[in-house]
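Engineer: What follows is the residue order along each chain.
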Amino acid sequence: MPGWQAIYQQLKDRNFEIVAVAQDTNGVKDAGPWITAANPSYTALIDEKHLVSKLYNMINVPTGVWIDDQGKIVRPNEVAFVDDRFKNFSGLDSMPYLNALRDWTEKGSHSVYAMSEERLREKLTMNNPDIILAAAEFGLGEYLYKAGHLNEAIPHFKEAQRLNPKSWNYKRQAYALSDPKRDYGTTFMEEVEKAGGSKVYYTLPELTPRPAEQINQKPN
Amino acid sequence: MMRCGISLGALLLLSVACLPACGKETPATIIYDDRATEIAAADQDAGQLWITTDDLKRATGFELKPQGVCRNELCFPIPKSREREFVRKDAGKMWLNLASFAQLVHQPVAHDEALSAWYFGLRSDQRQGLSSLEAPDFTSPDINGKSHSLWDFRGKKVLLLTWASW
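Respectively, the protein sequence lines represent chains A and B.
Residue numbers are given in this note's numbering: position 154 of the first sequence equals residue 154, and the series is strictly consecutive.
Residue numbers are given in this note's numbering: position 151 of the second sequence equals residue 151, and the series is strictly consecutive.
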């Protein structure tokens, strides 16, 4: 979060806002200390219900979405690191993404990193019934956990993980609420290894600039 | 013998008239729009969830109107030919099958049978934002409990970021 504060200081005068939303079932109790420590001047919110992940079909953190001044998505879900603290784990370099962000905050829809509408539609189409049902199973698990029924919540968290196996959020949040070895027979790192290792844990952002003719044709 | 036959017949008739609701209402918890409501008497069987229209209003904000199941401007008409799957009158009250209604509006439902808890997820109208490319709105509190909505920032470019403590 301190990293984002520095970026925000550099870019906020470009009619730009950062809205950072914690996806934490235990709300302020878990997310609060991080926010207090960073004391950001951008907008920091707490989303106990993981509603943002549900609405945007996000499967991991940190995830960034660019939204233009008309409220339209111009780049959908992608991994958004502000520094290289986790580079040893992910192999990801944060610089290309931050440079793209700087370019977009300056040029808006004329930025080569604003995606074409066609590509956006490809990426945003979401009609998989399993993924839609997974969100409800996760929501029921969260409710039962908070009502003091952890044992009853676990089968619903497992069902959410089965229906949307690509979601790391469903795994990691559930593991954080209990003993993963005992309740799920696994750990986060074991799951990462099963999925091919930490270097493929995050999907690289698509940062190939848009061809010039597309930009002049029609801004998004 | 005769009297017994009559009363048995009357009993049968009574149970048929009451089907499928009579005498088996049990408590349920409905979580709708991420808000939990306790229902004292619901008829929940085989994946169906019948509740009174009073409870419907309390739990979901929706009401049964001549034009359909409505909340403010939002209205979902009930197909005339399938009305019996959704609505019935019983013991002087109107009942709605919330599970069938969810199916009608493409809303996912997760159910915990042992705890009689029903979670209703995002309806198709709430998921439409992505295909229109409009960024779906949401409202969340900051650390001081003050609410902020994404759409408050209309007119600015926004980097929406999710993160977590875990």
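In case anyone wonders, no lab produced these hints; they're calculated from the structure.
Fair warning: there could be bad hints in the mix.
Said to hold, decoys possible - Cut-off 25 Å, straight-line C-alpha distance, at most; resulting in silico cross-link-like pairs (SDA-like, lysine to any residue):
| no. | chain 1 | residue 1 | chain 2 | residue 2 |
| --- | --- | --- | --- | --- |
| 1 | A | Lys29 | B | Ile143 |
| 2 | A | Lys194 | A | Lys29 |
| 3 | A | Lys107 | B | Lys65 |
| 4 | A | Lys123 | B | Phe153 |
| 5 | A | Lys49 | B | Lys65 |
| 6 | A | Lys29 | A | Gln70 |
| 7 | A | Lys181 | B | Lys65 |
| 8 | A | Lys87 | A | Thr208 |
| 9 | B | Lys65 | B | Phe76 |
| 10 | A | Lys123 | B | Trp151 |
Engineer: Please go over all the hints and tell whether each is borne out by the structure.
Structural biologist: Hint check:
{"no.": "1", "hint": "A/Lys29 / B/Ile143", "in the structure": "10 Å, holds"}
{"no.": "2", "hint": "A/Lys194 / A/Lys29", "in the structure": "31 Å, violated"}
{"no.": "3", "hint": "A/Lys107 / B/Lys65", "in the structure": "50 Å, violated"}
{"no.": "4", "hint": "A/Lys123 / B/Phe153", "in the structure": "24 Å, holds"}
{"no.": "5", "hint": "A/Lys49 / B/Lys65", "in the structure": "31 Å, violated"}
{"no.": "6", "hint": "A/Lys29 / A/Gln70", "in the structure": "34 Å, violated"}
{"no.": "7", "hint": "A/Lys181 / B/Lys65", "in the structure": "51 Å, violated"}
{"no.": "8", "hint": "A/Lys87 / A/Thr208", "in the structure": "21 Å, holds"}
{"no.": "9", "hint": "B/Lys65 / B/Phe76", "in the structure": "10 Å, holds"}
{"no.": "10", "hint": "A/Lys123 / B/Trp151", "in the structure": "22 Å, holds"}
In summary, the structure is inconsistent with hints 2, 3, 5, 6, 7 from the numbered list given earlier, while agreeing with the others.
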